[in-house]
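Student: Using the sequences and the hints given, assemble the complete structure.
Number of protein chains: 2
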Amino acid sequence: MPRQLHLNAFLMNTGHHEASWRLPESDPYAHVSLEHYVDLARVAERGTFDSLFLADGPQLWSNLAQRPAGALEPLTLLTALATATEHIGLIATASTSYNSPYNLARRFASLDIVSGGRAGWNIVTTAGAEAARNFGLDAEPAHAERYARAAEFLDVALKLWDSWEDDAIVGDKAAGVWGDDAKIHPARHQGTYFSVGGALNVPRSPQGYPLLVQAGSSEDGKHFAARYAEAVFTAQQTIEDARAFYADLKARTAAAGRDPGHLKVLPGIVPVIGSTEAEARALEQTLEDHIVYTHGVERLESLLQLPSGTLELDALLPGELPPEDAIEGAKSRYTLVVELARRERLTVRQLIGRLGGGRGHLTLAGTPEQVADAIETWFTQGAADGFNIMPPVLPSGLDAFVDHVVPILRERGLLRSEYGPRTTLRERYGLPRPANQHVSPELTAV
Amino acid sequence: MPRQLHLNAFLMNTGHHEASWRLPESDPYAHVSLEHYVDLARVAERGTFDSLFLADGPQLWSNLAQRPAGALEPLTLLTALATATEHIGLIATASTSYNSPYNLARRFASLDIVSGGRAGWNIVTTAGAEAARNFGLDAEPAHAERYARAAEFLDVALKLWDSWEDDAIVGDKAAGVWGDDAKIHPARHQGTYFSVGGALNVPRSPQGYPLLVQAGSSEDGKHFAARYAEAVFTAQQTIEDARAFYADLKARTAAAGRDPGHLKVLPGIVPVIGSTEAEARALEQTLEDHIVYTHGVERLESLLQLPSGTLELDALLPGELPPEDAIEGAKSRYTLVVELARRERLTVRQLIGRLGGGRGHLTLAGTPEQVADAIETWFTQGAADGFNIMPPVLPSGLDAFVDHVVPILRERGLLRSEYGPRTTLRERYGLPRPANQHVSPELTAV
Numbered sequence: 001m002p003r004q005l006h007l008n009a010f011l012m013n014t015g016h017h018e019a020s021w022r023l024p025e026s027d028p029y030a031h032v033s034l035e036h037y038v039d040l041a042r043v044a045e046r047g048t049f050d051s052l053f054l055a056d057g058p059q060l061w062s063n064l065a066q067r068p069a070g071a072l073e074p075l076t077l078l079t080a081l082a083t084a085t086e087h088i089g090l091i092a093t094a095s096t097s098y099n100s101p102y103n104l105a106r107r108f109a110s111l112d113i114v115s116g117g118r119a120g121w122n123i124v125t126t127a128g129a130e131a132a133r134n135f136g137l138d139a140e141p142a143h144a145e146r147y148a149r150a151a152e153f154l155d156v157a158l159k160l161w162d163s164w165e166d167d168a169i170v171g172d173k174a175a176g177v178w179g180d181d182a183k184i185h186p187a188r189h190q191g192t193y194f195s196v197g198g199a200l201n202v203p204r205s206p207q208g209y210p211l212l213v214q215a216g217s218s219e220d221g222k223h224f225a226a227r228y229a230e231a232v233f234t235a236q237q238t239i240e241d242a243r244a245f246y247a248d249l250k251a252r253t254a255a256a257g258r259d260p261g262h263l264k265v266l267p268g269i270v271p272v273i274g275s276t277e278a279e280a281r282a283l284e285q286t287l288e289d290h291i292v293y294t295h296g297v298e299r300l301e302s303l304l305q306l307p308s309g310t311l312e313l314d315a316l317l318p319g320e321l322p323p324e325d326a327i328e329g330a331k332s333r334y335t336l337v338v339e340l341a342r343r344e345r346l347t348v349r350q351l352i353g354r355l356g357g358g359r360g361h362l363t364l365a366g367t368p369e370q371v372a373d374a375i376e377t378w379f380t381q382g383a384a385d386g387f388n389i390m391p392p393v394l395p396s397g398l399d400a401f402v403d404h405v406v407p408i409l410r411e412r413g414l415l416r417s418e419y420g421p422r423t424t425l426r427e428r429y430g431l432p433r434p435a436n437q438h439v440s441p442e443l444t445a446v
Numbered sequence: 001m002p003r004q005l006h007l008n009a010f011l012m013n014t015g016h017h018e019a020s021w022r023l024p025e026s027d028p029y030a031h032v033s034l035e036h037y038v039d040l041a042r043v044a045e046r047g048t049f050d051s052l053f054l055a056d057g058p059q060l061w062s063n064l065a066q067r068p069a070g071a072l073e074p075l076t077l078l079t080a081l082a083t084a085t086e087h088i089g090l091i092a093t094a095s096t097s098y099n100s101p102y103n104l105a106r107r108f109a110s111l112d113i114v115s116g117g118r119a120g121w122n123i124v125t126t127a128g129a130e131a132a133r134n135f136g137l138d139a140e141p142a143h144a145e146r147y148a149r150a151a152e153f154l155d156v157a158l159k160l161w162d163s164w165e166d167d168a169i170v171g172d173k174a175a176g177v178w179g180d181d182a183k184i185h186p187a188r189h190q191g192t193y194f195s196v197g198g199a200l201n202v203p204r205s206p207q208g209y210p211l212l213v214q215a216g217s218s219e220d221g222k223h224f225a226a227r228y229a230e231a232v233f234t235a236q237q238t239i240e241d242a243r244a245f246y247a248d249l250k251a252r253t254a255a256a257g258r259d260p261g262h263l264k265v266l267p268g269i270v271p272v273i274g275s276t277e278a279e280a281r282a283l284e285q286t287l288e289d290h291i292v293y294t295h296g297v298e299r300l301e302s303l304l305q306l307p308s309g310t311l312e313l314d315a316l317l318p319g320e321l322p323p324e325d326a327i328e329g330a331k332s333r334y335t336l337v338v339e340l341a342r343r344e345r346l347t348v349r350q351l352i353g354r355l356g357g358g359r360g361h362l363t364l365a366g367t368p369e370q371v372a373d374a375i376e377t378w379f380t381q382g383a384a385d386g387f388n389i390m391p392p393v394l395p396s397g398l399d400a401f402v403d404h405v406v407p408i409l410r411e412r413g414l415l416r417s418e419y420g421p422r423t424t425l426r427e428r429y430g431l432p433r434p435a436n437q438h439v440s441p442e443l444t445a446v
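Chains as they are written, first to last, in the UniProt record's numbering: chain W, 1 to 446; chain D, 1 to 446.
No wet-lab data here; the hints were simulated from the structure. Among the hints, erroneous ones may be present.
Since copy identity is lost for identical chains, a pair holds within one copy or between any two.
[Stated by the list, open to error] Below, in silico cross-link-like pairs of lysine to aspartate or glutamate (DMTMM-like), each with a Cα-Cα straight-line distance of 20 Å or less:
#1 K250 / E165
#2 K173 / E140
#3 K183 / E320
#4 K173 / D399
#5 K173 / D289
#6 K250 / E35
#7 K331 / D56
Tutor: See the structure below:
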């Protein structure tokens, strides 16, 4: 059997295109509709995806006038989806800057238990002052400090997830002994950002701990991914950039003493699918026609950290822009957008049109065969272990991918046709269950 | 129709009796079994209970040798139960000392949305140094400080839950206007314990916010309840004490400017049910026979804040004990236990036996008629608006209550026979949906 693709369905209310909510099919309340997400999860499961994914930030994003804002808290929604599905992995974003390790470690362990080992955590440090101001800070912590906190957060969470050995529960009713206290290991962590004394109050979960996912592509982000991540979501506009990123990340993972095969790289793609190329382009055009460009200008000025009113719709970006290391927010997104505009000499209007679909992710507009070809090329030429599928419109865009692209990928032997027996998310991604740091493998083997 | 009882099923792994896990029927892994809780929730729904409830504390409780420890994180479990039930309310404990208002407000709003308005929050301040040490503190905050933080936490949470007016979403696709920014009200809170700038990132939920429940019976606790609580769980050993508590709390609620009918008082009872009185006593004896008394002595010494080795199994409590105001932990529980021992001149062994069943809650051992009689008496004589039902063994104790006591209560016209149309938890408790603090009722009526 050839190497298998890993597919992740990135679900976001009415779709990834910013104008998707304005289409006739779209429900303006989709973002808080459990039914909407249950339907999507079941479609993704029909497409034998490895996992689905919910992004998140602990603040109210855009102005409400522009587009849907707010969302169900992702771990809550994933728990509900766990009961509505059987096989698909459930990955949620949660912030290391605005959670405490004890609470978050417990919530992921609980999701992993109720889902039978299908939990994944997309670890983010959360850029932006608005989030910071919801948690007692005046401004966002510096990028490097956020990552230092994230690393310590992970160390604490891993201690907590390993604080129960797998066989700590004895259940000896006759002797009146329920558990073995020698198999409980309090965290006893005293660090720069956290001090956590005790053991977690949930036993070790089916996966040991959730699949660890990461999506930052800055230097700090890649360093962090090489050390901890088992899957990486990334935005890449060209196969050359994607191959360079892939090779770089695998090399960093090896350098960190890990098996590079134990980190899966999944670029995001926005498939705009038509039965002909012209039909796909027409759908793309319909979406662009629904963009409110004044809003796009505001958001672009915000991303580029330019004063309001700087950008002109039908002009190129200004020649002088701040360097990436002056950006405190989403560094790699900033560079990707600036490079895209420069490389293709896009006007502000054109750039907004391109970003409207996937916020910097690659749009693949075409027939199912063309989309499948691009996927196969990237996958077989060292650019990807799989893809983060970001339909521009939901549910129709996911339906189209599952009904028309998935069968081609299956026919080419790149994707499973059925799930087979129930298994954990980590097994879906071809990764081993992590050993408990308190248990010596030699002792276990005896 | 006579005034209706409110029943809440307090679910705790294999039951409220500390020895329940040792009975043949009990599953040593019940505490992390979704199936176990789904079955219990469905039994409670068959009994047309108003709600079910999960207690919690963010630390690993007892030594594992003694009895089941750890639990699924309650909001995670309630979310899963929301999808497995239709009518029953879903109440979880969460701590104001060890959560941030933004995250917790959002999680409860999300649960309220996915459950169709069935969420309730049992607000606790969390006693004990072990919890404190899991959140960066060396020792627990003082009792009064915990309650001051709790009050500010509530104020912030209420601002966040009201930060979206109910009709903030417009969904005007033609004009490209999704929401009305004038109907979003950032919290802009700057206080002693919290500073929270923005609006919540979830729309206002079906109930506006979760039913607010409280269970502290100290002076600080009652003051807090009178101001915020819509339901109160309490431990009362005698009808006289219960009536005094009930009258006191209703008066305090009126004094706080609220309708005393808008706070429901639910004493906890541990029903030990047999088809004859002798059968009930035999079940009680079986449970006591399974208590490991050395563990009970340790826990009692801890509650009474006595040095290890002070208590003797077959002697009375020492004559001199610290006064309640010297206790930093669960003040009202402390006084209840001491008074119970003194009033009935119980030896330490007898006291442990009595506490083993319900940790200070009233045990009602008898036939279904006897249990129903006691419920009716308390309910009709000013001691209760309903009850927190704490089966000593689960699932059998809840089955027994629903199969044998519930029909009697229905026959007497004290309890609904069916739910009728789907409704919110707050409506089940006979309470109005709270108005949004940013919306003037006069303006709404125009």
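Student: Cα distance capped at 20 Å. Does K183 pair with E320 within a copy, between copies, both, or neither?
Tutor: neither (60 Å within a copy, 39 Å between copies)
Student: As a check of your reading, is K250 near E35 (CA-CA no more than 20 Å) within one copy, between copies, both or neither?
Tutor: Neither. Shortest intra-copy (39 Å) and inter-copy (41 Å) distances fail the 20 Å Cα cut-off.
Student: Give the relationship of K250 and E165 under a CA distance limit of 20 Å: within one copy only, between copies only, both, or neither.
Tutor: Classified as neither: same-chain Cα gap 31 Å, cross-chain 49 Å, threshold 20 Å.
Student: Give the relationship of K173 and D289 under a CA distance limit of 20 Å: within one copy only, between copies only, both, or neither.
Tutor: between (69 Å within a copy, 13 Å between copies)
Student: Up to 20 Å between alpha-carbons, please classify K173 paired with D399: within, between, both or neither.
Tutor: neither (52 Å within a copy, 23 Å between copies)
Student: As a check of your reading, is K331 near D56 (CA-CA no more than 20 Å) within one copy, between copies, both or neither?
Tutor: within (18 Å within a copy, 40 Å between copies)
Student: Treating 20 Å as the Cα threshold, decide for K173 and E140: within, between, both or neither.
Tutor: neither (52 Å within a copy, 34 Å between copies)
In this structure, the earlier hints numbered 1, 2, 3, 4 and 6 are contradicted, and the remaining ones agree with it.
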